[in-house]
Amino acid sequence: MNDAYETGIIDLNDFGWAVEDTPHGPRPVPHPALPDFFAERLTPPPGATDLFVYVHGWQTSPESALRSALDLLGLLRKQYEEQRDLYGHLDPFEPWVLLVRWPSASSPGLRGYRRIRDRAHRMSDAPRILGQLLGYVDAGRGDPRAAVLGTREGQFLHLVGHSFGCRFLCEAVQWAADETTLGWSARPRDPKRPFGVDSMLLLQMAAPRDVFETTFTALEHAPVHGPVVATYAQRDWATGVWHRIAEKRAGVGNQGIGPAPRPVRNIALRGAAEPYDMDMLDHWFVSVDASAVFTAGRGPAGAHSDHLGPESAHLLLTLADYSR
12 MNDAYETGII
22 DLNDFGWAVE
32 DTPHGPRPVP
42 HPALPDFFAE
52 RLTPPPGATD
62 LFVYVHGWQT
72 SPESALRSAL
82 DLLGLLRKQY
92 EEQRDLYGHL
102 DPFEPWVLLV
112 RWPSASSPGL
122 RGYRRIRDRA
132 HRMSDAPRIL
142 GQLLGYVDAG
152 RGDPRAAVLG
162 TREGQFLHLV
172 GHSFGCRFLC
182 EAVQWAADET
192 TLGWSARPRD
202 PKRPFGVDSM
212 LLLQMAAPRD
222 VFETTFTALE
232 HAPVHGPVVA
242 TYAQRDWATG
252 VWHRIAEKRA
262 GVGNQGIGPA
272 PRPVRNIALR
282 GAAEPYDMDM
292 LDHWFVSVDA
302 SAVFTAGRGP
312 AGAHSDHLGP
322 ESAHLLLTLA
332 DYSR
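My numbering numbers the first residue of the sequence shown as 12 and each following residue consecutively.
Quick caveat, the hints were computed from the structure, so don't treat them as lab data.
Treat each hint with caution, since some may be false.
[As the list claims (entries may be wrong)] Using 25 Å as the maximum straight-line C-alpha spacing, the simulated SDA-like pairs for lysine to any residue come out as follows:
1) Lys89 to Trp107
2) Lys89 to Lys259
3) Lys89 to Ala307
4) Lys259 to Ala283
5) Lys259 to Gln70
6) Lys89 to Ser302
7) Lys259 to Ala271
8) Lys89 to Ala59
9) Lys259 to Arg281
10) Lys259 to Asp221
11) Lys89 to Ile20
12) Lys89 to Thr225
13) Lys89 to Asp221
[Unchecked claim] Quick list of simulated restraints, FRET-style, between CB atoms:
14) Arg335 to Thr33: 36 to 44 Å
15) Asn277 to His35: 31 to 39 Å
16) Arg255 to Pro73: 27 to 35 Å
17) Gly99 to Ile256: 44 to 52 Å
18) Pro37 to Asp290: 14 to 22 Å
19) Asp25 to Ala229: 21 to 29 Å
Where is the CB? At the ideal position from N, CA and C, for every residue including glycine.
Please build the complete structure, drawing on both the sequences and the hints.
Okay, here's the thing in structure tokens:
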């Protein structure tokens, strides 16, 4: 793969507006200028086959978010090179990561938690970001009847969130388009709307277990034509003990997906050299027990941030492989 591939970055402010650097500091991008701004920032390098949108979680600095995005890119490349035979459809494979950074710092108490939780739900420009990647805001997006891949330009699109970033992505993808696009065999693709998100991987989601039945109810009809996959781990105390205190309910990141509008498949996170059968992942919702893998971390958060490793890269590459 080409080492020149870089990570794209979009920064949002407290109100969810995209911002750009100016001589007077960061300023919101005027709405009339957003199409050109996004066209410049969201254009993958030539030859990119798979776009991975990564959204970080609570208490993450811009520098730490960038390190995580670069770590994700490095893990994907390394896993692909070392275990290429596991991904029979990924040839060629040239990944590009788009990092969406948002102000997630707050006081550590319940007030700060709830403020950042609510902010994750109101990131107003996030649907435009996904819309641009999907080609929905491009008037010349091409013939829908043509044999295209995930996006208008022919790449596959995968969403990866961590912690509150999972809420951010779920909120955004619900509103990224008005019409439905559903896929794999469990979600038949709408021929009138061929562009969509090929997979969603929600790592240690900070949300109640019934969130897909109570809050993200429109996700069932959002432009997602691959599975919604969420990991959980018993040592994730941030979505365990602390989530119970703040939300009065268990969190997805600690106990997995609970009630959902469609059946949930429960599986265990596999080792980096162990293949996943298609039947394990070809479902609307997949809850992945990572308790044996996500174990590192001390303090009140426990293993909440032990989410990036070879096993996660393997799962993500498998989702990309089965999206073909």
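Hints, verified against the model:
1. Lys89 to Trp107: Given that 25 Å is the threshold and the Cα spacing comes to 14 Å, the pair holds.
2. Lys89 to Lys259: 40 Å, violated
3. Lys89 to Ala307: 21 Å, holds
4. Lys259 to Ala283: The given pair, whose Cα atoms are some 35 Å apart, is violated under the 25 Å limit.
5. Lys259 to Gln70: Answer holds: Lys259 to Gln70 is near 21 Å, not above 25 Å.
6. Lys89 to Ser302: Cα-Cα ~23 Å, so holds.
7. Lys259 to Ala271: Roughly 19 Å separates the two Cα atoms, so the pair holds.
8. Lys89 to Ala59: Measuring from Cα to Cα gives roughly 17 Å; hence the hint holds.
9. Lys259 to Arg281: Violated, at about 31 Å.
10. Lys259 to Asp221: 12 Å, holds
11. Lys89 to Ile20: Within the cut-off at roughly 22 Å; holds.
12. Lys89 to Thr225: 38 Å, violated
13. Lys89 to Asp221: 35 Å, violated
14. Arg335 to Thr33: 36 to 44 Å: 42 Å, holds
15. Asn277 to His35: 31 to 39 Å: 52 Å, violated
16. Arg255 to Pro73: 27 to 35 Å: At 30 Å between Cβs, range holds.
17. Gly99 to Ile256: 44 to 52 Å: 46 Å, holds
18. Pro37 to Asp290: 14 to 22 Å: Distance hint for Pro37, Asp290 is violated at roughly 47 Å.
19. Asp25 to Ala229: 21 to 29 Å: Check passed, 25 Å falls within 21 to 29 Å.
In summary, the numbered hints that this structure violates are 2, 4, 9, 12, 13, 15, 18.
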